[in-house]
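Trainee: Using the hints, position chain B with the ligand against chain A.
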Amino acid sequence: MHEQSLISNLIEKIQQLADNEGARVVGAKLRLGALAHISAPHLREHFEQATFGTSLEGLQLEIEELTDIHHAEAQDIILENLQFEASDGQ
Amino acid sequence: MAGKSKTIKVDYLARVEGEGALYIRYDDHGVHEVQLKIFEPPRFFEAFLRGRDYTEAPDITARICGICPVAYQMSALHAMENALGLVPTEPLRNLRRLLYCGEWIESHMLHISMLHAPDFLGYPNAVAMAKDHPEVVQRALEIKKTGNALVRLLGGREVHPINVRVGGFYRVPGLESFQALRPQLLEAHTLAELMTRWAAGLPFPHCEQSYECVALSNPSEYPMNEGRIVSNRGLDISVKDYEKHFREQQVPHSTALHSLLIERGAYLVGPMARYNLSYPQLSGEVRSLAEALGFRAPCNNPFKSIVVRCLEVLYALEEALRLIDTFQPPDEPYLAVEPREASGCAATEAPRGLLYHRYAMNEQGKITFAKIVAPTSQNQKTIEDDLRLMLPKFMHLPEQQLQGLCERAIRNYDPCISCSTHFLQLHLQHEPKRIS
Ligand SMILES: [Zn+2]
Chain A
1 MHEQSLISNL IEKIQQLADN EGARVVGAKL RLGALAHISA PHLREHFEQA TFGTSLEGLQ
61 LEIEELTDIH HAEAQDIILE NLQFEASDGQ
Chain B
1 MAGKSKTIKV DYLARVEGEG ALYIRYDDHG VHEVQLKIFE PPRFFEAFLR GRDYTEAPDI
61 TARICGICPV AYQMSALHAM ENALGLVPTE PLRNLRRLLY CGEWIESHML HISMLHAPDF
121 LGYPNAVAMA KDHPEVVQRA LEIKKTGNAL VRLLGGREVH PINVRVGGFY RVPGLESFQA
181 LRPQLLEAHT LAELMTRWAA GLPFPHCEQS YECVALSNPS EYPMNEGRIV SNRGLDISVK
241 DYEKHFREQQ VPHSTALHSL LIERGAYLVG PMARYNLSYP QLSGEVRSLA EALGFRAPCN
301 NPFKSIVVRC LEVLYALEEA LRLIDTFQPP DEPYLAVEPR EASGCAATEA PRGLLYHRYA
361 MNEQGKITFA KIVAPTSQNQ KTIEDDLRLM LPKFMHLPEQ QLQGLCERAI RNYDPCISCS
421 THFLQLHLQH EPKRIS
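Going line by line, the protein sequences match chains A and B.
Note that the first sequence covers residues 1 to 90 in UniProt numbering.
Note that the second sequence covers residues 1 to 436 in UniProt numbering.
In isolation and in its complexed conformation, chain A is listed as follows:
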């Protein structure tokens, strides 16, 4: 349930930024803290499952795994950036 809340929180944020931008998101980069209790493949799988059939389906997820347990955000997942495809209606 831990990951379900994390993922829905993340997806909500991406969705909201996509709406603001008015463009299609094609990629996202995440930083995964060393103590985030979730591995990159695990996170990726949940993400794919949660976005299946939505407008975010197929989004390229880049996950950087951090190893420093002393990092201030070691227990968190950080959404670093989003890549958009400029949609011009074509």
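Hints may contain errors.
As the list claims (entries may be wrong) - Which chain B residues face chain A? A few, computed with CB under 8 Å, are given here:
| id | residue |
| --- | --- |
| 1 | Lys6 |
| 2 | Val10 |
| 3 | Met114 |
| 4 | Ala126 |
| 5 | Val127 |
| 6 | Leu426 |
Worth flagging that the hints you see were computed from the coordinates, not collected in a lab.
All C-beta atoms, glycine included, are put in the ideal place defined by N, C-alpha and C.
Mentor: For chain B with the ligand alone, coordinates are given in the frame of chain A:
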């Protein structure tokens, strides 16, 4: 077709928030009501399972939780096998026990080091604790890695294992890959002993409760995959009578159902319940350490469950070594079976407590009914009771301190709810004095 792409920088923290809420109603005479609200996904999965193939249940239910996927798989497997009259051979049974050892180690270490330990040492989280006590976090991660290695070996990968199937395993690794884990297990064992000694020396709040402890039990081994359901107050039933004795109750304040012992009420499942009921089945080595540290069963202080978890990790490491040393390759990786109209149930000991599954399938093997009772819902009433007993002494504290204390009490129980209640919302309702 592809337009110009652009990247925007975000730097947004995804966190778990708002899934746990605690309501306390009190007045000058005392605490009148404590309601813990938690979000529990098994309910959604029960509906989702209907219409799926019986062979899919272990993999689907494994996704309910990333901390205890093996537990869901094991209960689902055994329930399906119970329905189809399949009895796993001794070598297959041992391999499952070995896999379960891996999950106990992983889940307990996560709970001990990331959630429980910072509370005792007075840190807001593991990151802050790691600054001053890096050895605690490093040691825990090292031990946890050994659990990961066991789950990876038999489950095919670390999370959401995929090598497990009704009747056995898709593939059984060769003898040498088991032997290769020995040095790592021995090293982890040394670290786990240090960890246990360290945990036993922590300052524990005084909090002796009187629980009805419920766990699987069998005469010859510490319980994991099977046994009768017993309690310290005389309950002794077979798993198929579970629903005759335990009732789930819808409570308006939570999406999780409360599970109660009929006519008796709240009960405790989890490491402390297992420990108190099956202490004699632990290895001699674990028991002598427990005795040397003054932690012989029974243990009825929920804050001391951190030590019980350490002792169970030590036991799981010893048990894994024993299973590896006596490993006999099974004749077949799995037993084949044809589906038929049937129903069955099973309970296993998830790291955080008894996990009950019941299924029915039609003659094509499609699931027509699924029921899952997770440890969270079984302990929920007990957690509320703990809080109700503990709170009157602390209601005068500033709200932030009170919240920290409540979070601590909840974290004694379950890593799976702990992460959803790490950012507990506290709602205090002070009732004005009534003049009659
Ligand atoms: Zn779990």
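Trainee: Now tell me if each hint is right for this structure.
Mentor: Do the hints match the structure? See the list:
1. A cut of 8 Å between beta carbons decides the hint on Lys6(B): the least distance to chain A is about 5 Å, and the hint holds.
2. Checking Val10(B) against chain A: minimum C-beta separation of about 5 Å stays under 8 Å; hint holds.
3. Hint on Met114(B) holds. Least Cβ distance to chain A is approximately 6 Å, under the 8 Å limit.
4. Contact between Ala126(B) and chain A, as hinted, is supported at the beta carbon level, the nearest pair being about 5 Å apart and thus within 8 Å.
5. Because the smallest distance between the Cβ of Val127(B) and any Cβ of chain A comes to about 5 Å, under 8 Å, the interface hint for this residue holds.
6. The beta carbon of Leu426(B) comes no nearer than 18 Å to any beta carbon in chain A, farther than 8 Å, and the hint placing it at the interface is violated.
When each numbered hint is compared with the structure, a violation occurs for hint 6 only.
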